[in-house]
Amino acid sequence: MNRNQRLAKYEQERIEHTPWVEKYRPKNLDEVASQEHTVKILKKTLESANLPHMLFYGPPGTGKTSTILALAKQLYGPRLFKSRVLELNASDERGISIVRQKVKNFARLAVSNASKEDLENYPCPPYKLIILDEADSMTNDAQSALRRTIENYSGVTRFCLICNYITRIIDPLSSRCSKFRFGLLNNENALSRIKYIVEKENLNVDEDVPETLLSISNGDLRKAITFLQSASRLSFALANPDDSEDRMHVDEEHGKITKSAIQEIAGIIPDDILKRLVTIIEKGNTREIFNTVQEFILGGWSAQQVLDQLHDSYVMNHSLRPELKNKIALVLFSSDCKLNSGTDEHIQLLNFCLQVAKAF
Amino acid sequence: MSLWVDKYRPKKLDQLSYHNGLTENLKALASTGDFPHLLVYGPPGSGKKTRIYGTLYELYGPQVEKLKIDVNTFTTTSNRKLEFNVLSSAHHLEITPSDMGNNDRVVIQDLLKDVASVEQVDFSNSAKSKSKHRFKVVIINEADSLSKDAQAALRRTMEKYSANIRLILVSNTTSGIIAPIKSRTLLVRVPAPSETDIADILSGIAKKEGLKFKPDTDNAKQELFRNIALHSEKNLRRTLLCFETLSMQSETINIDKNTLSLVSIDWEVIIANLAKSIVANKSVANIAKSRVVLYELLSHCIPARTILKRLLFDLISLNNYNDNITQELTEYAALFDERLSLGQKSIFHLEGFVARAMLILDK
Amino acid sequence: MDYNTESLAVYNTTPPNDILNANLNTLNFDSSCISTDILDQGNIYEKRQPKEYWENDQEGKPVKHFDGSATYLRRRKQNNDTLEGIRDEISSTGLIDMNDLFKKVRLKSAIRSEKTRKRETKKVGEKLWTEKYCPNRFMDLCSAGNDKQYRLVLHWLRKWDPLVFKKRPVEEDVDFKKILLICGPPGIGKTVAAHILAKQSGYSVQEINAANSMDKLPQSDTPSGAQGFANVSAALRLKITNALTTNSLTSNNKPTCLVIDEIDSSANAGDIMKVLYDLVQLDRKKARRTTKPKTFGSKASSKEQKKEFSLNRPIICIANDIYSTSGSRFNKSASLEKLRQISEIISFRKPHLAKSSVNSKPGNSVRSLKEHLMVINDAEKLGMDYQEIGEVIDVCEGDIRACINYMQFNGRKINTDLIDPPKSTNKSQNKDKHMTWISMVETLFKRDPRLSKDESFNYIMQLISNGTGQNAVNLSGNLDKVINACFGRYLDFVHFQDDSLYKPNMFNDWLYIYDLFSKNVEIGEYASMTVLKVWTAFSDVHANSIMREQNLIPNHRSIDFETYEASQKNKSIIRSFLDNAPLSTRTCLCGGISYNSQIPMYILPYMGMSLTPVGWDSKTPGSIKAHEKIMIRKIAKFIQQSGIRLEKSFDPMSGRYNLVYLPDFDSINSFDNIQVFSTRNNPTSVQRKRQSLFPLIELELEKGQVPKADPISLTKTSLQQQADEVPQFKKRKTKTELVNFFKGKYDGVSQLTKSDTSEKSATGAKIWIKYNEGFSNAVRRNIGWADFWS
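Residue numbers (full-length UniProt numbering), protein chains in the order written: chain C, 1 to 360; chain A, 1 to 363; chain Y, 1 to 790.
Hints may contain errors.
Stated by the list, open to error - Straight line, CA to CA, 25 Å or less: simulated SDA-like cross-link-like pairs of lysine to any residue: (1) A/K182 x C/K358; (2) A/K309 x A/D323; (3) Y/K629 x A/G204; (4) Y/K132 x Y/E391; (5) A/K214 x Y/I630; (6) Y/K629 x A/A206.
For the record, the hints were derived by calculation from the structure and aren't laboratory data.
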């Protein structure tokens with residue numbers, strides 16, 4: 001193997017190892033699934049090459065980061081991207097000192113000159129872009145420090161804040177930005193995206209897998225894609241345990257991804273086991289409930305997951321009386337709350353089951 | 001003597017005896033060049049770490065068995081020195097966040113960045129395909145005790161350095177782990193082994209060690225093994241320790257009803273007695289006595305939550321799973337459990353539960 | 001001689017000749033009612049009745065030292081007639097009349113105090129009382145429940161005599177730990193005791209403490225990097241070795257004794273400890289080399305001899321918390337962990353805590369503290385009585401320094417507080433003063449029958465919100481203490497009032513509120529409302545009588561703290577156990593490598609059971625069965641691998657020797673204070689088993705040592721440590737002797753302990769004087785050793 005070959009192989013391996021979430025990140029705005037409204041506005045800005053400060057907010061996995069990255073790429077092109085865009089996220093140190101130094105320094109810099117080639121192909125607006133991902137985990141102090149920075153350097157720099165909860169962004173900041181809300185992906189768009197990936201990756205999946213993925217991930221496309229990738233790895237590995245070298249030439253017969261595989265990967269409790277718990281709770285025999293709960297705990301199921309799924313099964317169950325649902329919802333709420341403060345799963349799950357049994 | 005837990009610990013995935021499907025999956029994963037981030041969860045003593053080490057062995061070969069402990073020093077922003085243990089081999093390293101206290105976020109970021117920035121480049125023996133993996137594995141124990149802050153920091157790191165690092169998070173439950181992490185990892189659930197699994201393991205060991213039983217019948221032995229398994233709450237680690245202790249007590253193991261009482265653990269007995277006294281004597285004086293007992297338990301490093309849980313279960317079984325009592329007791333146990341995690345003075349809340357239990361039982 | 005009993009034996013140390021003379025010259029023989037026991041190599045014989053002293057000769061009395069040299073004790077000229085009379089009496093009966101002695105001593109002390117008072121009055125300005133009344137003689141030391149500890153310190157210091165004063169050829173004692181570590185809570189006189197006791201033993205004291213250990217370091221020159229570090233420790237080392245080897249002019253030719261104060265909190269504690277550790281290791285190495293037959297070539301050894309360093313001055317380290325985790329937990333060189341292993345540990349206790357312990361009579365320690373404070377009280381004419389002083393002690397929680405400070409600055413304030421019940425405080429509310437938390441607690445539980453409920457509620461409310469009690473229930477103040485005290489007490493009140501379960505439940509909810517609120521500074525002020533609830537729920541007209549009655553929880557004041565301490569200690573034991581265990585065991589046992597709650601819960605209990613099997617009976621070596629041999633081999637191997645050591649530890653409380661494994665996980669496994677119904681783990685039966693088991697394990701370990709086939713490097717050092725620490729067994733080097741020795745052991749437990757003590761005393765005490773059997777403070781106070789010496 002000469003050096004080039006090795007490098008090529010290495011590169012190929014590296015691509016293989018990148019998560020699909022990165023691999024299938026939209027390259028341009030058109031590819032962004034759903035979020036038509038936002039995309040429409042952003043495209044306009046692309047034409048005019050004038051960008052406001054932006055604040056993207058919405059639940060995880062709805063394409064906020066993807067959108068801004070796609071936009072940035074379209075604005076600057078790959079070469080200029082490096083010098084014009086600064087991306088900071090929660091994994092970077094983002095205390096007040098960083099805002100004061102790094103962000104400020106970058107914001108203050110004069111805009112680098114674009115090469116002629118880039119100017120021809122991309123709009124290359126005369127400002128830089130600072131992307132602050134997961135901005136809601138910035139401290140209030142850091143956010144306040146950002147206020148003046150944003151105003152002072154608005155001539156040469158645009159900011160894009162991304163967060164899940166807009167309430168955690170201090171008002172002065174959010175008022176300086178134009179806000180874009182990213183709603184949950186609607187099923188059609190997400191489904192088509194998943195199917196696109198399935199097709200691209202040449203996966204052998206069951207019919208109902210895309211739907212299952214969507215229902216598990218609750219509109220979080222990243223989650224869905226990650227699960228899909230995990231499942232494919234697992235099933236692929238199972239099918240070809242020996243020759244991992246030529247994985248590009250797999251035939252159609254390799255492991256099929258099934259609904260249950262996806263469920264296991266996502267840590268979802270299989271329906272039949274859950275159903276057993278539900279019927280036992282309904283019967284209301286204390287000793288039986290006690291034993292079943294113990295079984296659940298020893299089985300390694302997390303109480304949080306059990307609660308989530310029980311919630312779905314109770315709330316969606318239309319045969320229950322409204323008052324009963326009401327009561328159960330109350331119990332669910334209090335148990336969930338207690339679990340969140342880091343309590344013991346066994347006690348809490350037992351309590352929940354007994355309370356619901358009492359409500360019946 | 002190395003302890004049986006040590007001696008009979010499987011080193012390779014092939015040697016694992018139960019949860020075969022799971023073992024298959026891990027093996028398959030390890031055998032491909034690719035390997036996602038993992039979140040391994042399950043009750044204590046179910047064999048999480050054994051499986052992980054087996055997987056690592058599968059990945060890198062016997063090199064991962066050469067372990068060493070380093071003490072890393074980290075200087076926090078407030079200029080305090082922080083030291084924590086890192087267990088490492090050539091291909092992986094292992095950390096426990098509880099060592100780091102409040103600074104876990106910074107420490108983990110730093111550590112991972114460090115590890116990630118050094119790619120594992122050894123072209124020298126690329127012919128031997130064993131070391132074809134370019135990534136290092138970082139095992140994080142007790143991942144559920146990571147602060148939310150640290151977990152948030154992990155999420156981008158996981159994506160950013162995915163070429164160089166694979167994370168394996170180990171935890172007892174997924175409850176303490178934030179959704180973004182869960183969605184980025186492959187969840188591996190390791191349930192506790194069944195009684196039969198444990199019994200098989202124990203009888204294998206008994207054979208190898210040449211233990212003598214009385215009566216020496218298969219049925220009696222199986223019965224004993226099952227009882228040990230139940231006694232130790234299907235915690236395999238505990239089971240093995242318990243069994244070994246039992247074997248140390250006398251030459252032949254007499255199988256009868258009292259066998260297990262030989263190896264009962266004092267604090268469990270004490271809690272059981274406490275439960276009995278609560279049922280028998282519901283008075284203020286007894287609350288005071290209970291308090292002394294509770295203090296004693298706490299001073300012996302028994303976690304307050306464990307005391308509460310055992311006490312609850314003992315009380316329930318003493319009351320023969322009476323519907324109302326069980327339900328009410330559990331309700332309050334859940335309440336005091338929450339208070340334990342929100343407050344700091346655990347003795348207040350434990351005594352509170354004792355007092356409440358007396359009140360409930362007094363009705 | 002048995003110094004384990006409760007008798008008060010003051011050790012006479014054997015200082016060097018000149019000092020001895022100096023001391024003896026000042027020693028007034030007439031007043032000594034001493035029966036002198038001289039111990040020589042374990043043989044105890046009563047020397048002579050004092051009578052002979054006087055009859056023997058008029059010129060002087062030869063006293064032979066152990067190295068053969070002789071000194072002459074000269075009698076001082078008598079000029080006091082009353083003493084003459086006493087002497088006559090002595091000579092006639094060999095005994096003395098205590099009353100006369102008292103009279104005389106009192107007279108003397110009166111004269112002395114007169115002198116000092118004169119001196120005092122000349123001084124301008126007032127000193128801090130803590131300094132003014134800082135004891136500077138042994139007799140001024142307030143025992144406060146620590147007599148035994150003082151004696152242990154003296155005992156340890158005396159072990160140095162042969163080495164320091166060169167009175168006889170240095171016999172290397174492997175058991176002898178050359179560093180003394182005194183630990184205990186602040187303000188109970190650790191530093192003072194160390195100074196006085198060292199002086200008493202004829203040393204001049206050099207002190208290094210957190211404050212002055214830093215200033216002379218050349219840190220500013222090379223502030224950072226490895227070089228800087230090296231310099232710091234090198235400088236420290238120089239400093240310590242200098243202190244150890246030089247005899248400064250000021251010290252009157254006395255050898256120095258190094259006292260390192262506040263070792264746990266000093267900024268470069270790690271360096272100090274490293275230096276100490278190195279010194280000890282060097283010393284050990286040397287000791288080992290000299291004891292070993294010389295097989296090396298003479299060149300090598302002569303070369304080494306130049307570098308050799310031997311530790312020949314005592315070092316006393318003082319720390320508050322030897323299990324401190326505030327420093328670095330993992331780096332062993334920096335934590336006290338390492339120091340603990342190489343040093344003799346003596347822990348001082350607060351009088352409060354000593355009270356709760358099982359064996360000593362309650363109150364003795366507190367009483368002696370009270371008397372001590374009473375002296376100050378009298379001298380300063382504060383006019384406090386015993387009860388008030390008791391209150392002071394309560395407020396300061398037995399911290400002597402705090403007590404004295406309190407007395408100086410609060411003086412009579414506490415007086416009015418305590419004497420006046422709340423009703424009168426009601427009238428004099430506007431008086432500017434602060435309530436102590438302890439009187440706050442008392443106020444809370446009291447109800448004045450003369451006031452209506454509303455009135456008194458308003459009074460309490462005002463007291464808490466803006467009255468004098470505010471500082472007591474402030475979060476930044478003593479709210480925590482108030483709540484704890486209430487928590488300790490409230491059950492008594494419920495018990496007295498209606499004995500219903502309802503109130504504890506209700507109050508627990510309030511405690512939760514306190515617990516929750518006190519965490520949060522913003523809503524913290526509401527936390528004090530719990531205090532108000534205490535009053536509405538529990539206050540009683542009969543508060544005083546309830547308080548005085550026997551409490552439901554006997555040691556409610558200290559139990560919380562004790563629990564905390566115990567758990568800290570246990571945690572550190574677990575850590576050191578983990579640190580020693582081989583890696584593979586560590587990973588197997590707890591998943592990770594760090595502390596894990598599974599260890600105290602399951603692993604250590606099982607380990608304890610395995611290492612001291614239930615089925616084990618005391619047996620003679622002949623009757624060991626085959627499988628038991630295997631068992632022992634197994635245990636021995638495990639012990640070897642995990643760096644567990646066997647040790648005979650002396651328990652000053654019970655005066656017995658216990659056989660323990662180190663790290664001592666017994667303290668985690670056994671619940672002494674609670675009756676567990678199984679007799680399996682009760683300490684005495686465990687001890688009995690171990691007495692037959694340990695020798696066998698030792699034997700097995702010896703065997704294992706010879707081939708040195710064990711791959712684990714750890715064993716070598718740990719074995720060496722064992723060698724250092726189990727001298728009783730080690731002394732008999734050859735195997736046959738060992739076996740004989742152990743055979744002897746089987747003959748009976750009683751014999752074992754006897755031989756141990758005699759051995760112990762052989763290495764230890766030379767002379768001690770026992771003048772007062774029993775444990776009465778009254779007698780001890782008034783007849784003073786120091787009086788004899790001065």
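Status of the hints after comparison with the structure:
Between the alpha carbons of A/K182 and C/K358 the distance comes to roughly 33 Å, so the proposed pair goes past 25 Å and is violated. A hinted pair counts as satisfied when its Cα atoms are at most 25 Å apart, and A/K309 with A/D323 qualifies at roughly 18 Å. Annotation: proposed proximity of Y/K629 to A/G204 holds, straight-line Cα distance about 24 Å (limit 25 Å). Between Y/K132 and Y/E391, the direct Cα distance comes to roughly 22 Å. Compliance with the 25 Å bound is thereby established for this hinted pair.
For the given pair, A/K214 sits about 20 Å from Y/I630 by alpha-carbon distance, which is consistent with the 25 Å threshold. Taking the CA atoms of Y/K629 and A/A206, the gap is about 19 Å. The hint holds against a cut of 25 Å.
Checked against the numbered hints above, the structure breaks only hint 1 and satisfies the rest.
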